[in-house]
Every structure is written in C-alpha cells, then in structure tokens.
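Dock chain to chain to rebuild the complex, using the hints, since each chain is given by itself in its own frame.
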Amino acid sequence: MAAPSIEPARPATLRLAFSPDLESAREVSVAIRHFLAEQGVAERELFSYELCIAEASSNAVEYAEGPLKCIKPIAEALCTPTQIELRVTDHTAGFALRERLSAPSPLTDRGRGLFLIQSVMDEVRYLRGTNENILVMRKKRLSSAAPKEALSRSPSEAPSLEKCQLQLAEANTKMEIMADELQLRSETLASVFRCCAELGSIDNASDGFEGRILIDLLHLTSADWYVLRMLSPDGRRLVVSAASESDLDSGPVELWANGNVSACIEKLVAVGQKAARFDMRECFDPAEPLRAVGPEGTGHVCPLSFGGTLVGTIAVGRRSGDFPLGRLQDEVIRAFAEFLAIQTLNLRRQREDVRSRVITRELEIAQDIQHLLLPRTLPQLSGFGLAGGWQSAREVGGDFYDAIALGDQSLLLMIADVMGKGVPAALFATTMRGLLRGLASHGSDPSKLLSELNRLLYNELSSVSMFITAQIVRVDLKARELTAASAGHCPPLFVLPGRRSVSSMPIRGLPLGVMPDTVYPRLTARMGSPAAVLLYTDGLTDTRNAAGETYGMHRLKAWLRVNANPGRTAMELRDRLATDLNQYRGDAVIDDDQAFLILTEERVGASPRAARPIRLRRGSFLFPACACELKVGQ
Amino acid sequence: MKIEILGPCLSVSEIQELTAVNSARFRDEVNAALTGSTMLIEVNLSKTRFMDSSGLGALFALYRATAQRDGVTLRLLSPMPEIQQLLELTQMQQLFEIVRR
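For the protein sequence lines, the chains are A and B, in the order given.
Numbering-wise (numbering that gives the first Met the number 0), the first sequence opens with residue 0 and increments by one.
Numbering-wise (numbering that gives the first Met the number 0), the second sequence opens with residue 0 and increments by one.
All the pointers check out, no bait thrown in.
Below, a list of computed lysine to any residue pairs in the SDA-like style, where the Cα atoms sit at most 20 Å apart:
id, chain 1, residue 1, chain 2, residue 2
1, B, LYS46, A, GLU42
2, A, LYS139, B, GLU81
3, B, LYS46, A, VAL29
4, A, LYS273, A, GLY307
Keep in mind the hints are simulated off the structure, nothing from the lab.
Every value quoted in this text rests on a predicted model; they were computed, and no experiment measured them.
The following block holds chain B by itself, in its conformation from the complex (with noise of 0.2 Å):
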C-alpha cells in the first residue's frame, strides 16, 4: 500500500487486497497521514483483486472520518468489476463519489 500527500490530495494507492488481515493497518495508516489540510481523499482501487466486507469496513471507517470533516471528498477511483459489485450489493457505492480512470 502506497500512500501519497501531494498538496490537499491524499492519495492512497497499490492495494492488493483489503481484507480482515489489513483493514486496521489500512485504517490506522490513512487516519494517521489526515492533516489539516487535506481536502481529498483518492483511494485507488485499480489493482485491489480482493475485498471481504472487513475491507469494506475500513473504508466506510474512512467515510465516517471524512464527514466529520467540512468540505473534504472522498473518492475511490476505478475499482474492478467484482469490487464495485461488492459496494453496490452493500449499498456502499452512495457513500463514495466513485470515478473510473
């Protein structure tokens, strides 16, 4: 997992899978390189092959993290077919602006 700061833009990328074994590691880390001035938050999902729903837990994890937070967007961007279909059997996908690169 990669984790990128470039200005406002959190970018968080090369996931390979977002299951019960990372999702605390993945929540923690991300929690942890939120500033001030973070105004969005990109979590590419292009290479992530795997989630269960303790994956989908940490991202909801993050939504809630950035609803406390005025005017920060939380973006997933082009996740694979079986991921999307995972948020959208979940009802998830409302909760993220989802964008295909």
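Isolated chain A (complex conformation) (with noise of 0.2 Å):
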C-alpha cells in the first residue's frame, strides 16, 4: 500500500458552473445552502450565504453582455472549520469595488445587492480580469459543527457495520480527491486550451492574455493573489507585469546587484530556476515585496522559464494560512507557469519574425535603391571596353560610380564613397550622381566638377556630418590622355606608356562637404598601350583575408600589372579581379562596400556584349563591358 502523502488540510469545496440565466443562478444559490448544510453550517448563518451566492450570481447573469452573455458564470464554496469562503466567477466588463458601501437609502431602487454582501460577509474582495472576475466573499464561522454525516453515525451499530462504513467512507472520499484531481486537470486543459484559441484570434496577443489566464488560475486553485514579474529587456530586474490588486504592485526586484540586497523569494525562485513555496508568519524580511499579501499570506512561487531562458515569475496564494495551497494546485501553478513561458516566447518569437521579414523587405528596397545608384548601362567605346563591379557589406552601400560619355571621343568616370551606409549615404549618392550628370553637360573640368559639386553639397553634407570621397578622371581616348582631380579619394591606377608598369596619379583633395570653396588640383597623365585605368574605393584595398592582413595597395597594382594583356576585355578584368578579391578574403566577412571601374583597350573587333547588369550574388552587381563605337552625347 503507498504511504500517504502529506497534504495540507483542504477545505470542503463545491463548484458549479450553471447556465446564465436567472433560474439558474437560484437554483445555484439553493445547492449552495443544502452544501453547505452537510458541512455543518448553522441553519442561522445559511441564509446570509444563500443571499450571497443568490445576489452574485445574479448580477453574474444580469450583467453580462454580447458574446460574454454564452458563458457559463462558476459559484463556488469553500468549507473550513473556521471559515467559508463563497466565490463567484462572472463574465462580465466587471465593476470597482469600494472597501464599504454605505447603506442606500431605503427610497432609491439601487445599490442594495452589494450592500448585502458587504453587511453579512466578514471579507469582499473582487478580483478582475480581462471579461472574467471573481467576487470571493470570507466570514469566520460562528460554530463548527461537524458534517451531519458524522453526526448521523450510531454507535451502537455493530462494529464490522461500522468498519465497512469507515472503508466505505475512505473509498469515497478517495474517489472524490480524483475526481477532484480530474476535474482540475481537465479545466487547467481547457483554460490553457482557451488561452491557446484566444492568442490565435486577437491581433495584439498580449493585451490581456496574461490578466485571463491568471484569473483563471486562481480560480483553479483557489488562491485569491498573484503577482506576475517579468524580467525586463536587460536582464537585471523583475518587474510587475500584472497583480491581482493594487496593493500587490511593488517595485522591481533587482536581480544582480550586488552590496545589502535582500534576497527576496522571487529572486531566488528566479535566479535559481526553481519553484519556492513561503509562509509569511517565517518570513521576517521587512524588505520582502510579498508581505504585501499580509502578515499570515502563503505562497507558491514559480520561475516562468522553458528550456533555460527565464521570462519572469509568478507567485500565487492566499491572503490567511487558513488552507494553504496543496501538492495538487502547485502542480497547477508549475503547469500554467511553464504555459506562460512558452506563449511568451512565442510571441517573442513571433515578433522577431515579423521585425526580420519587415526588416528584410526594407533592405530588398534599399538594395533597389542602391541598384539605381549604379548606372544601368555604361557608354559604349570604340576599341575600348568599361567594365564595373561592386559588392557591399550591407544591403545600401554608399559607394557608387558613374561613367558619362561627353561629345568629343572622350568620357568622364567617377567613383565615389559616402561617408556611412544605408539610406542616407544612398540619398547622397543619388543627389550627386544627378548633379554630376547635370554639370558635365556645362564642362568636363574633374578640377572644376569637384569644386562645383562641393559648392553645392557643402552645406547639405556639413549638417550632417558627413562627407563624400570621390574621383573624377576624364579620358580623351583619341589622344590617349587622362586628366584626373580627387576630393580624397584612392588614386586611380593605369598602365604607364611605353613600358608594363603600373602607376597611381598622385593627386591630392579635400573630400567634399568639409570645407566650402575648396579648390581642386588636377593632374594629366598619357595612357600606355594597351590602355588600362583602374578607378575603385578603399573597399579593395581594405579587403582583409582570414588573418585579418589587408589587400593592399601594392598587390593591387600587381594586379593590374599582370592582367592588363592586349586581348582581354574590360569584363575578363572585371570578373578576374572581383575572383581575385573574393579569392584573397577567404571566409572572412566583408566589411566594408567595395566598388570599381575598368577601363580597358581592347582589341578591335572584341564582339559587343549585353548591356545588362548581372547579379552575381546578393548585394553584388558586375556590368559588362562594351567594345562599339562612341556614340555621341550618350
């Protein structure tokens, strides 16, 4: 035979959930009585009980509105030797309780229900929810009468009756205890159940999830308070997400600080990851936030954690140590409590999912943005090809190039580096593309560009802070020079005349949007032959491998110096050194936007490729290169 476990003594409880009606609610009223007359309740004290449950229940049903009106208000009773307590459930938008009502005027028609219940009840409390309310109403009991049951027995009945009796006795209320047991369980199913249907149905899931679903665990366990804490965005503290009243709203309850710190029951359960029960008659803490549940108040409390991440806590119980909570509505309290952990990680869960999508969404817009920074087609060259390629650490990169052919066989190329990333270095790059392309139709100066694209960005760029580098260089292909200004950007690299060297052109300028009227040195070079220019961002030359060395400048002009063959074509460069880039970085991550413009000579008759930009992989475009013939004013 199992030992018996030890369990607190539990009162006498009946539940009765009846239909919302008034009838119903009566006849609810009337089983009450009779229940409470088998526990020995003196027939003086039943009529004040009866009224109770009768005006409650009532005003469960009368007040009652729309959808809520369907569901079924719960009267219940709870028998002690020393007390009852009467409970009744309603569904309705609930009402505020004032601590004594005054007696109403014998003339007005109103107000005389809850006066009632205040009159005859030692205790009235009225705990709310979201559209679901408990009236728990207390009164010390005048006698203690034993259940008639017993007072019924005969003693001169014969002893083997007596023993079957006893058995009998045993067997039922051990019968009674699970169906009891049953009965939790299955209404702990159906509330979790609910608040399951409920999350699915509302738009903003956490607007009263929490208020129904504790409100239902007391009434489950017939506790008559709870606390919830939930731990806040950093970690640190525990803070009152919801109470059963006021009264129970204390401060948060810091976690990890150090010093005189009390440790409180709820940082323990929380720090620990392990349920506590308390009795505030030991508790001798002044500091203890759950004193405010009264100097004879007893306890569950329970971490809200699943698989290791803690989410908060919560604490249930009741005011006095008349009965406190059992083995069975702990394990209530630990199955709601582990519930709430798992619904509030999900719905974190499910807001991060929507921030990622949304986030996501807006960088496909910005990466399209950044897709119309870079100019769709390049002009097409005769005996030339123009190749471009970028990659971006992020979705908006703020480097950009352009290449715009002007009318006498020569064209101007730029690239350019917005100081940031995202949307405002887009917004910039934007603004002095159109710009550029506006100014170029006016003159093809690089010195003159610059100085007037500073001129007018200047005080756009100072506001906020930022600043652009760029390099414009102008090709006169018939006389095979370049002509090139920077606002303190990476030198452009070409292939010296006459021999297979690789220089960069040493210029030197202030980026624009630091200083206004800033004038702009240019400086001429002649291109060898084959005719190679290398425009690109630090980006390359800050290209780092797994060891965390960077690219380089020298390894660049190697680079160059080796590939830049007669015979091949701007875009074999183009993808050669994007593989080469790619090949150096390795599994690192690439931090910082990368963005460069070939321009090659070609041999003639190199077959003329598509125009179209191809995208390689996210947040990378290559363009082709062209070998056609100039076409003035493109």
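Structure (structure tokens):
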C-alpha cells in the first residue's frame, strides 16, 4: 500500500458552473445552501450565504453583455472548520468595488445587493481580469459543527458494519479526491486551450492575455492573489507585469545587484529557476515584497522559464494561512507557469520574426535603391571596353560610380564613397550622381566639377556631419590622355606608356563637404598601350583575409600589371579582379563596400556584350564591358 | 403566490420566496389586482423563506405604487426573522407597517 502523501488540510469545496439565466442562478444558491448545511454550517448562518450567492450570481447573469452572455458563470463554496469562502466568477466588464458601501437610502432601488453582501460577510474582494472576474466573499464561522454524516452515525451499530462504513467512507473520499484531481486537470487544460484560442484570434496577442489566464489560475487553485513579474529586457530586474490587486504592485526586484540587497523570494526563485513555497508567518525580512499579501499570507512562487530561458516569475497564494495551497495546486501553478513561459517566448519569437521580415523587406527595397544608383548601362566605346563591379558589406552601401560619354571622343569616369551606409548615404549618392550629370553638360574639367559639387553639396553634407570622397577622371580616348582630380579619394591606377608598369596618379584634395569653396588640383597623364585604367574605392585595398591582412595597394597594382594584357576585355578583367578579391578574402566577412571601374583597350573586333548588369550574388552587381562605337551625347 | 381581493383589502400570500426570478411577476400581478377601491394591501410573508435584493425591490415598487394613492395602507405580515433582519439592514422597515399575527 502506498504511503499516504502529506497534504495540507483542504477545504470541502463545491463548484458549480451554471447556465447564464436567473433561474439557474437561483438554483445554484439553493444548492450551495444545501452543501453548506451538509458541512455542518449553522442554520442561522445559511440564509446569509444563500443570499450572497444569489446576489452575486444574479449580477453575473444580469451584467453579462454580448458574446460573454453565453459563458457560464461559476459559483463556489469552500468550507473549513473556521471559515466559509464563497466565490462567484462572472464574465462581465466588471466594476470597481469600494471598500465598504454605505447603506443605500430606502427610497432608492439600487445598490442593495452589494451592500447586503458587504453587510453579512467579513471580507469581500473583487478580483478583476479580462472579461472574467471573481467576487470572493469570506466569513469566519460562528460554530464548527461536524458534518451531518458524522453526526448521524449511530454508536450502537455493530463494529463490522462500522468498519465497512469507514472503509466505504475512505473509498468515497479517495474517489472524490481523484474526481477533484481529474476535474482540476481537465479545467486546467480547458483554460490553456481557451488561452491558446484567444492568442490565435486577437491582433495584439499580449492584450489581456496574462490577466485572463491568471484569473483562471486563481479560479482553479482557490488562491486569492497573484503577482506576475517579467524579466526586464536587460535581464537585470523583475518588474511587476500584472497583479490581482493594486496593493501587490511593488517596485522592481534587482536580480544581480551587489551589496546589501536582500534575497527576496521571487529573486531566489528566478536566479535558481526553482519553484518555492513560502509562509509569511515564517518570514522576518521587512523588505520582502511579498509581505504585501499580509502577515499570514502563504503561496507558491514559480519561475517562468522554458528551455533554460528565464522570462519571469509568478507568485500565487492566499492572504490567510487557513488552508495553504496543496500539492495539486502547486502542480497546476507549475503547469500554468510553463505555459505562460512558452507563450511569452512564442510571442517574442513571432514579433522578432515579423520585425526580421520587415527589415528584410526594407533591405530589399534599399538594395533596389542601390541598384538604381549604379548606371544600368555604361557608354559603348570604340576599341575600348568599360566594366564596373560593386559589392556591398550591407544591403545599401555608400560606394558608387558613373561613366558619362562626352561629345568629343572622351568620357568622364567618376567613383565615390559616401561616408556611412544605409539610406542617408544612398540619398547623397543619388543627389551627387544627378548633379554630376547636370554639371557635365556644361563642362568636363574634373577639377571644376569637384569644386562645383562641393559647393552644391557642402551645406547638406556638413549639416549632417557627412562627407564624400570622390574621384573624377576625364579620359580623352583620341589623345590617350587622362585628366584627374580627387576629393580625398584613392588615386586611380593606370598602365604607363612604353613599359609594362602600373602607376597611381598622386593627386590630393579634401573630401566633398569638409570645407566650402575648396579648390581641387588636376593632374594629367598619358595612357600606355594597351591602355588600362582602374578607379576603385578603399574597400578593395582594405579587403581583409582570414588572418586580418589587407589586400593593399601594392597587390592591386601588381594585379593590374599582370592582368592588363592585350586582348583581354574589360569584362574579363572585372571578373578576374572580383575573383581575386573574393579568393583573397576567403571565408572572412566583407566589412566594407567595394566598387571599381575598369577601362581597358581591347583588341579591335572584340564582340560587344549585352549591357545588362549581371547579379552574381546578394548585394553584388557586375556590369559588362562594351566594345562598340562611341556614341556622341550618350 | 395567492392574491385575494376581500372588499377594500388586497391580500397577497403563499409567497415561498421573492427573488430575481419571480419579483417582476410579483410586481405585475399585484399591480394588476389593485383597484380604485383598494384601501389596504397585506403581503403575508409568513411563508417566505428567502428574499434577495430583487425581492426587496419588488416590495419597494409596491410601496411607491401605494404612496401615490391617498389613504392606501401597505402592510407586511409576519416576516420570518431572516427577512425581518433584511428589511432592517436596508432600513426598509421604515417604509412598511409590519404586523405579526
């Protein structure tokens, strides 16, 4: 035979859900009267209890509105040798219960019901949830007569019969306990399912979610208070998220504070992630937040955690120590705590998922913006090829380039790097590109173009503390001459005439947006044969490998010297450079944007390619070279 | 519930209980039985075992109806102790003549 479990004394309980009509409400009050009579409650007390249940049940029926009218109210009686507790759960909008109502005038027809309840009971509380509230009414018993069954037992009965009756009574008790347990578990499940259904049907799932489920918890465990604390986003404190009554809403509990902060119950439960029972009669810490439940308060504190992730704590209990929560109630609280933790984590994940989807969409839009920043087609040149490559560390980078055909067998190449990234950088890039195209129709001197761009952009850039580094190179294809000016940008590289070596054009200038009225010096150089010019942003030379070493200017020059061979098209060079950079980087994360523009002299007769950009990977475009007649004004 | 008209006296008796369930019917039936010659209304509460605030409301409605008629007396007969206590708690005993028989 199994050893009997040690259980705190449990009250005799009757719970009745009733149809939401006045006749059923009345039947329930009669049934509870009979139940209390069976528990030995004195006849003179029964009228008061019947009256209170009748009043509260009628109110629960009369004040329910809309769809809530269909939900069954519940009436309960909990009986101990010293106290009667009556509860009526309504599904109404609820009301604010005042401490003590004064007697209504005999000449008015309102306010008598609650007044009567407060007059005949010792303590009345109204626990409000979301469209579910519990009116709790308590009264100390005047007498403690034994239940009628015990009184009715005759001492003259034969021992064998008495023994049989005792066994039968024990069996009945066990059956009742099992039935109670089954009922409790099924109602717990029903409550959990109802909450799940609500979570699925409301837009903002957190609205009233905890309030509803915790009122259910009070209901199922016969508890009369709860305090729900949630972990703050920084994980350092437990903040009251919901409490059954306002006097329990104390300040936050610091979890990791040093010094003389007392180790309160909820903190110990949260840190240890282990549930605990408490009894205020055995707690002598004046700073304990749960003292608010009263000097005789008892309860159970559970961590809200799932998979080791702490979300908060839930404390549930009774204000008086008359019948502390038992093992079964503890189990229900633990089940609810786990459910709350799972739902809270699910809600967070849902929100993060939505946020992530929004960010992804925003970034896709931003990438489309970036795509628009780069020219869709590059000028088509006779005997020369032009190709550009771009790769971004993020979806919207600040690097961009452009090429504008001029009307004199020459073209302007521009490459720039807007400080920062994201949409602000893209907006400046768009503006600058538009301005350059407008200015280029009036003149093609790189020096003057940069001065003018600086003049036009200075106020906007300086007002947001941004700047742009830029390089403009005018290429005279006929004279094979380069004229360049730089606004703090990397020097362009080109193959020197007459020998197979690569040089950089040592030009300097302040970035755009640093100083007003800046003058940009120009530098002229002759292109070798076959000609090759490379404009690039510092993302190329700053490319890092897994060891953290940069690609560097020396390596870039060497690459151009080795690869700028006769017969190699600009597109081939672009692909080779992109491959070389990616191979160098290996598995290292790209941490800066990369953009480059290659002009090369291709052998005559190289087949033209389609001018549509090829998307190689996310955030990367390569633009094909062309080898056709230069079209004037294009 | 039993309603009898004996000349100027309207007698209401056999009321088992007066609650939210039957208070509206009580009010309507008693009002319907009132005539111009009614001078005395006796509500016999000797068998009324239970009454709630709706029942009290029905008695109050009857009080108002009789207050509008000059010279009509409203009398409650032999309420049980619990009902008497209820009337006192709500100070409604001031409104009625309560007679024990």
